[in-house]
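Residue numbers (the working numbering), protein chains in the order written: chain Z, 17 to 249; chain W, 17 to 249.
Watch out, some of these pointers could steer you wrong.
As the list claims (entries may be wrong) - Derived DSSO-like pairs: lysine-lysine, alpha-carbon spacing no greater than 30 Å straight-line:
(1) W:80 <-> W:23
(2) W:80 <-> Z:109
(3) W:29 <-> Z:80
To be clear, the hints were calculated from the coordinates, so they are not data collected in a lab.
Read off the chains here:
2 protein chains.
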Amino acid sequence: MTAAARKSFHAIKAEMARRIAERVWAPGGLIPNEEVLAIEFGCARATVNRALQELARGGVLVRKRKAGTRVALHPMREARFVIPIVRQEIENKGGIYQFRLLSNQVERAPQTVYERLGLAKSKEMLHVRSLHLSDSKPYQYEDRWVNLDAVPSIRHETFDSISPNEWLVTHSPFSQAEIVFHAGLADREEAAILDVGEKDSVFIIERLTYLPQKPITYVRMIHPGSHRMVTQL
Amino acid sequence: MTAAARKSFHAIKAEMARRIAERVWAPGGLIPNEEVLAIEFGCARATVNRALQELARGGVLVRKRKAGTRVALHPMREARFVIPIVRQEIENKGGIYQFRLLSNQVERAPQTVYERLGLAKSKEMLHVRSLHLSDSKPYQYEDRWVNLDAVPSIRHETFDSISPNEWLVTHSPFSQAEIVFHAGLADREEAAILDVGEKDSVFIIERLTYLPQKPITYVRMIHPGSHRMVTQL
DNA sequence: ATCATTATTATGTATATACATATTATGTCA
DNA sequence: TGACATAATATGTATATACATAATAATGAT
Numbered sequence: 017m018t019a020a021a022r023k024s025f026h027a028i029k030a031e032m033a034r035r036i037a038e039r040v041w042a043p044g045g046l047i048p049n050e051e052v053l054a055i056e057f058g059c060a061r062a063t064v065n066r067a068l069q070e071l072a073r074g075g076v077l078v079r080k081r082k083a084g085t086r087v088a089l090h091p092m093r094e095a096r097f098v099i100p101i102v103r104q105e106i107e108n109k110g111g112i113y114q115f116r117l118l119s120n121q122v123e124r125a126p127q128t129v130y131e132r133l134g135l136a137k138s139k140e141m142l143h144v145r146s147l148h149l150s151d152s153k154p155y156q157y158e159d160r161w162v163n164l165d166a167v168p169s170i171r172h173e174t175f176d177s178i179s180p181n182e183w184l185v186t187h188s189p190f191s192q193a194e195i196v197f198h199a200g201l202a203d204r205e206e207a208a209i210l211d212v213g214e215k216d217s218v219f220i221i222e223r224l225t226y227l228p229q230k231p232i233t234y235v236r237m238i239h240p241g242s243h244r245m246v247t248q249l
Numbered sequence: 017m018t019a020a021a022r023k024s025f026h027a028i029k030a031e032m033a034r035r036i037a038e039r040v041w042a043p044g045g046l047i048p049n050e051e052v053l054a055i056e057f058g059c060a061r062a063t064v065n066r067a068l069q070e071l072a073r074g075g076v077l078v079r080k081r082k083a084g085t086r087v088a089l090h091p092m093r094e095a096r097f098v099i100p101i102v103r104q105e106i107e108n109k110g111g112i113y114q115f116r117l118l119s120n121q122v123e124r125a126p127q128t129v130y131e132r133l134g135l136a137k138s139k140e141m142l143h144v145r146s147l148h149l150s151d152s153k154p155y156q157y158e159d160r161w162v163n164l165d166a167v168p169s170i171r172h173e174t175f176d177s178i179s180p181n182e183w184l185v186t187h188s189p190f191s192q193a194e195i196v197f198h199a200g201l202a203d204r205e206e207a208a209i210l211d212v213g214e215k216d217s218v219f220i221i222e223r224l225t226y227l228p229q230k231p232i233t234y235v236r237m238i239h240p241g242s243h244r245m246v247t248q249l
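From just these sequences and the hints, can you work out the full model?
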């Protein structure tokens, strides 16, 4: 290890991660405080602090003022998924992206949609259904409801060259979102659209986005059962 | 906003997040550099830098040396899931946790397991199957294969009071992991164990953990189709 | 014009210092 | 002993400064 490397917070973080992984620092155990570590690594306390904070954010350390820093006993490791827009996701995997608009109309939504968005039941919403394909094979069926009060300009968009997904990303801000993942069975319609058997398994992602006090959209994105969501820790 | 609040990197981060969300800073647009922002917010450049770095990690900003900082055009927002051990997950939801050991023996694993772990096909592995219950209802079926070379001491563990999951967490270090989520259909055995119908949908989490050059364990965790994995952005 | 070299610039990191804050440990009084 | 105020301590954050690094822009030679 060079002198420079030894002093960088990356290197210090890696070294501390090693000590945790190899049980040099035992689970639940108190580790030396920042000042001591700074002396050991020959760097400033701020440098050690940064490394420690990043490890704590990753869930392998638990820090408390005055009490000190401990190795997490039950590591609630956080898994981070990058959620790109679907076109990018397909292209990243080397697929050729295509998009097909299935329907696009203003209508009343099902009860469940109003409930999930916390909207008055009376209002009409924009309902856009589209299919995203990878190498001409169905990849994701997108069933979206948009609150017209939040994004009035979307009403007259045709979506012939851009998917509602990308339109919203570039035209509508949002500050908060909730994402739900679960498994389900394809109903007759979904099976036909995704070209899978009825009652085959499907991977469903639901997403709610909203500004404070203003729900924007509810999307249900349905993947064939062969879909895999992968992450590394 | 108080003077103190205005100078904290939290407040600065929040204010900048607001500008991004409300399109004060347009998608794809260049934002002022750190020095300018530091003057605007009346703080040191390091403080602005911290706020900007956190937003960049969140995916809403893209930073490049010399080129400056832009609002992400296609926000690859990262979703962060905290993955606690299953007992904690159940207890956090207010359920009463129980655990049932289904089987525990040393045997040859299926081809697929050796492949996933990159292990020599000849070796015997520890195979532990267990069921995690929430309020006496099946919550997760855990089907685990452990590389005995990596964790020899597990061979004689009985798992009568602790689940293999928790045993490994407290006894075996790991440095890397791969997690895969997908949907599937319950086969006859899984259906019986989880108390769902055969060919009902199930939510499957697969997890590989390993130390550098040393695979440790492969687990397949199967939830009933009603399972939901939720996160907020 | 093309390519390689050099300068410029914005971000990235390290440091010493100072003070804030949360939490624990200690001490005092009743 | 118990309640409560007080001290001690580890982490959290802000700052000025300095230099490193990556990427672009400008320059010059061919």
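Enumerated hints in conflict with the structure, sorted upward: Checked against the structure, no hint fails, so every one of them is satisfied.
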